[in-house]
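Okay, here's what each chain looks like letter by letter:
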Amino acid sequence: MSRLKVLIANRGEIAVRVMRACRELGLGTVAVYSEADRTALHVRTADEAYLIGAGPASESYLRIDRLIDVAVRSGASLVHPGYGFLAENEDFAQACLDAGLIFVGPPPDAITRMGNKTAARHVAIAAGVPVVPGTEEPFPEELPDDALVAEAARIGYPLLVKAVAGGGGKGMRLVQSPQDLLPAIRTARSEAGSAFGERAVYLERRLARARHIEIQLLGDHYGTVVPFVERECSIQRRHQKVVEESPSLALTVETRRAMAACAAAVARTVGYTNAGTIEFLLDEKGKFYFLEMNTRLQVEHPVTEIVTGIDLVHWQLRIAMGERLTIDPERALAPVAHAIECRIYAEDPDQGFMPSPGLVRALNVPGGPGVRDDRGVAAGFTIPLFYDSLIAKLIVWSDTRPDAIARLSRVLDEYRVIGVRTTLPFFRWLVAQPEFAAGQFDTTYLDSMLAARKGQAFVDVTDGDADDAAMVAGLAAWFRAHQASAGAPTAPSAGHWQRAARLEALR
Amino acid sequence: MSRLKVLIANRGEIAVRVMRACRELGLGTVAVYSEADRTALHVRTADEAYLIGAGPASESYLRIDRLIDVAVRSGASLVHPGYGFLAENEDFAQACLDAGLIFVGPPPDAITRMGNKTAARHVAIAAGVPVVPGTEEPFPEELPDDALVAEAARIGYPLLVKAVAGGGGKGMRLVQSPQDLLPAIRTARSEAGSAFGERAVYLERRLARARHIEIQLLGDHYGTVVPFVERECSIQRRHQKVVEESPSLALTVETRRAMAACAAAVARTVGYTNAGTIEFLLDEKGKFYFLEMNTRLQVEHPVTEIVTGIDLVHWQLRIAMGERLTIDPERALAPVAHAIECRIYAEDPDQGFMPSPGLVRALNVPGGPGVRDDRGVAAGFTIPLFYDSLIAKLIVWSDTRPDAIARLSRVLDEYRVIGVRTTLPFFRWLVAQPEFAAGQFDTTYLDSMLAARKGQAFVDVTDGDADDAAMVAGLAAWFRAHQASAGAPTAPSAGHWQRAARLEALR
Amino acid sequence: MKFDVEVAGRERSITVERIGETGRFRIVLNGQAREVEASPIDLGLSMVFVADGRSLDAAATPGSGGDWLVQLPHLDVSVVVDGRRHVLGRQGVAGGPGQQRVTAPMPGRVLRVLVKPGDQVAHRQGLVVVEAMKMENELTAPKAGIVTEVAISQGISVEAGRLLVVIE
Amino acid sequence: MKFDVEVAGRERSITVERIGETGRFRIVLNGQAREVEASPIDLGLSMVFVADGRSLDAAATPGSGGDWLVQLPHLDVSVVVDGRRHVLGRQGVAGGPGQQRVTAPMPGRVLRVLVKPGDQVAHRQGLVVVEAMKMENELTAPKAGIVTEVAISQGISVEAGRLLVVIE
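Protein chains in written order, with the numbering used here: chain A, 1 to 507; chain B, 1 to 507; chain C, 1 to 168; chain D, 1 to 168.
Any given hint might turn out to be false.
No more than 30 Å apart at the CA atoms, straight line, and that leaves these computed lysine-lysine pairs for DSBU-like [as the list claims (entries may be wrong)]: (1) D/Lys143 with B/Lys454; (2) C/Lys143 with A/Lys454; (3) B/Lys454 with D/Lys2; (4) D/Lys143 with D/Lys116; (5) C/Lys143 with C/Lys116; (6) C/Lys2 with A/Lys454.
Honestly, the hints are just simulated from the structure, not real lab data.
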């Protein structure tokens, strides 16, 4: 009997993550890749890999026809969508089912109902869960401007323009006052169209000092839904999560249980199966509101895995293959540690977090106790322009939140990425902020802090640093010069520099 | 107020491990290094580093005078000995105290009593703990041969010759029959003299089908001793631990509690403080015997940290600084996962595990869930001849032992060390053995399996493998040739090969 | 060997001399002499200062034109050795006094051009939207002024350092 | 390009030709042609077989004398390309028929020499004890015979490949 294969319809760290789970369960792994990803880690990690098109996602990772074709050709039985790309696309889920493949995710109609942000709000209301005040229906593009302005006035400012098909902060804009409304809607529509192929948006009240708290859940095909201890994702830059942790400092055990019950109720209302997450906003008074549902695995799933000891991706695959969910619900709600995740991007924090793609020459990834390395990039890979620039997720944990922060600080100092700029200097700054240590933040915290810095660099080059850097460069130049003269008694690895210099010259 | 500094009187992975704990507790780190370790990871990880002598350990890491001198010069307040080298040397512990330094370990007299294997047996007997039958006193070197033969006959064959100052399988020899006794004693004395500077040996009965089970413990300066859930270390090659795990399949909860109580009793009898481990042999009937005590942190401590969530090195430092041990004893005895550690050595398993020192060109260290990387070697380091050739400890864990083994298999496939031969192929073989999966082994298992293989390679090169290797080499040669002709449109990283080839030529 | 280096806008000269055979060096910087143990590793250096034992683990990656990206444990900094920094750096603040040349800080695609020659722009007003990695990045005016040149058009791909807009 | 390769004792010839511009190659081995996508990465190669999608991530480190250490995911193997394997390999089984040259498999120090020229030795009898990394490693006779040469003496340091003993 040949073993079952899983097609992973994704790239980067999440594709590698899913393949690891497949290996551990004895399942074969089939990768797909674009022309920009020939040497990507997910290709190297897979048993099989198939080229599906050019670099732009619309020509490769978003091509449902090609993905289904590869699944059929390779003899895959299951398709795991990861997150992003087609993970919340009901047509893709349906196309998998139509081709006789098992889609590792919820049924297509659950994606449709929960993926559409306004429809999802209706579901939450039907399940008896409070929602953030906002428009109940999306805006058609032809709606006249004055109707938009009137609706916004009804909800009240500040408010958020959000893509109906949104996620990850894309197609989302904060509007403080009426004059900014129409440009914000235009930008959001444009970004949403480019990111999701769907330009519809809606409006939602911006709650003051709200924290982003979410409940992971799993559901099987026999009616069992298990909600998990919360994750807090309030550290956001421009609506994108930057740091996630579990548990949250802001929740009492009672609120946790209430929120978990609400999340499970929403999931049951739509016959949800597999992994999903219900996002809530928690206001200053400890009251929470349904925000939206993500009908897929999330970037930040590792923090939940660490604090509960439960492997969510294993369960995704096992549920998809028809297994019953046998997790003890009490275990899922009782964290045994405190975990924090940082998303390390190829972005230059000192240039407004501009993407910094390019060749990753080397990586020093920290190890030791309480560290998990979920990485999608290896040395020698050129990070392409076409996709999200996530290099790795760095997850640390310890007994308590202060211990986890001390560990995070240690680990960030060990981490080094050579070749491209990364957000590491930003995280080293963040971890030293008193508000972060105290857990005193809401979803606006980071943007306010960044705005107040007015572009100030995250690290100051002191005179001592400048001296150090000068000495390092001087020695490096010395070694390079002596490496060049043949037979000089230098250490062998100085040759790296010659190579690097020659490579630069070839560019 | 300047922060406290810790001198780490060691090298390799354990020095890095201790430095990480120091960082997390806000303590400064002072490294020492030999001329062979100028570029070692422990030097690069430390805040400060001091050269203490030539490559041979007797001229550097075993030089008490130089270590104390560095501690005083650098203003260190604490000295952590790691394991090996001077970790169980009472003179070193005393020299630290005499110089006003805090030795992170037990008091010198506890080292003296428990470090001497025959004295330790007396302590165990006094504490009411059963010991393995053997000689009660060490043999003076001038003891006539016939006295040795007579004593061995009294104990019975098979028996073990063991160094009184031993550890790590060094200075230990199995003797099956009388005619092998005297040569075994000679070799053991010689090895013990070279490894520990102490040639005394004693004899101990070799229990049939015994498993090696050990109890980690911590003791503070206020009389609290906390024993931990057991580790099993029965997978040994020539008396050296190769794989360690926690918990053991072979123990009932009642035996665990009984063994833990015995371990604590031994520790209390000698006024033990800080971290230590009591080793036991467990026979086929579930009866256990005191074997010896290690008065230091052990190589395999991470498996205990993982299954209990308790950081042993943090506690070593906190106890040394006078803190009270506040660990819940029930937590220390209740494993929340199953953890397995493999010691990855620079040895060639297909050449009788001969050391394979040399330049580590690159490392692919596996990541993802349930993996801990405790490594002492980074890319670019030349593993010296002078020391133990441990590259890294690879620790995996999951909910259950079968899941942990599935993960280990996945992780071993991801792991790659480029430049030197390693024991990775051996572990890939071991993890696939049915006895290993079933947990059916004792301390003789591995040596018997290896003997039965008669040097057969751990991997067979099939025709398919040979084809693959030929194609890889052919393509590599193609890329090198096209890299050499300037401006050829190859990917930049092919240059590595040119560099590598040039470096070879320089050797 | 003697090098002229420039780091963080400060020029200095540095002398590096090997002592004996075993990786020890004498470095003179700002007139101050230090002894260090230094060995190259991979793309970096391990350095230990003999006087106080300070250990410094740094990466040094050569760029084009004599500059090195030096990565100290807590910060990254460019150092120019015996040469000039490239005119087209990461950030478009090149150009003569009064003239600001706005360049692309990363490679990407020009999604929208928000100004045309002759436009009066305010400080921080949007000029060009460049898409990279699916995020829209709006490049803004580094100062108020008049747009004298728009060097790109909508839809084209740009490399890092490519001139986008000139403001006077 | 055409290469003669030797792997695991088997000789074969291999042709490698690039197809187009995008990292696709045609490889002919044992008369069988295959198309692969291949790109160099770091010290290795990422290869994908076009016919069945099989992905192969391998390291290839050049040694001296035309041999490569190829590291496939589950095994390491030496491949000689257009050349001869070095006479002094890892294991001392070089020498003419009837003659066995025992060489040092690793660098170390000769702790004890257990035989002298003229000694009759049995199969697997100990010849030399070499200490490396604090472990004593006894090198044994690969076959029964007579010691014709002892090329080292106690206490000296030896490199890997150094001749220790010859047995006939």
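Okay, the hints, checked on the actual structure:
1. D/Lys143 with B/Lys454: holds (14 Å)
2. C/Lys143 with A/Lys454: holds (14 Å)
3. B/Lys454 with D/Lys2: violated (39 Å)
4. D/Lys143 with D/Lys116: It holds: about 16 Å lies between the C-alpha atoms, which stays within 30 Å.
5. C/Lys143 with C/Lys116: holds (16 Å)
6. C/Lys2 with A/Lys454: violated (39 Å)
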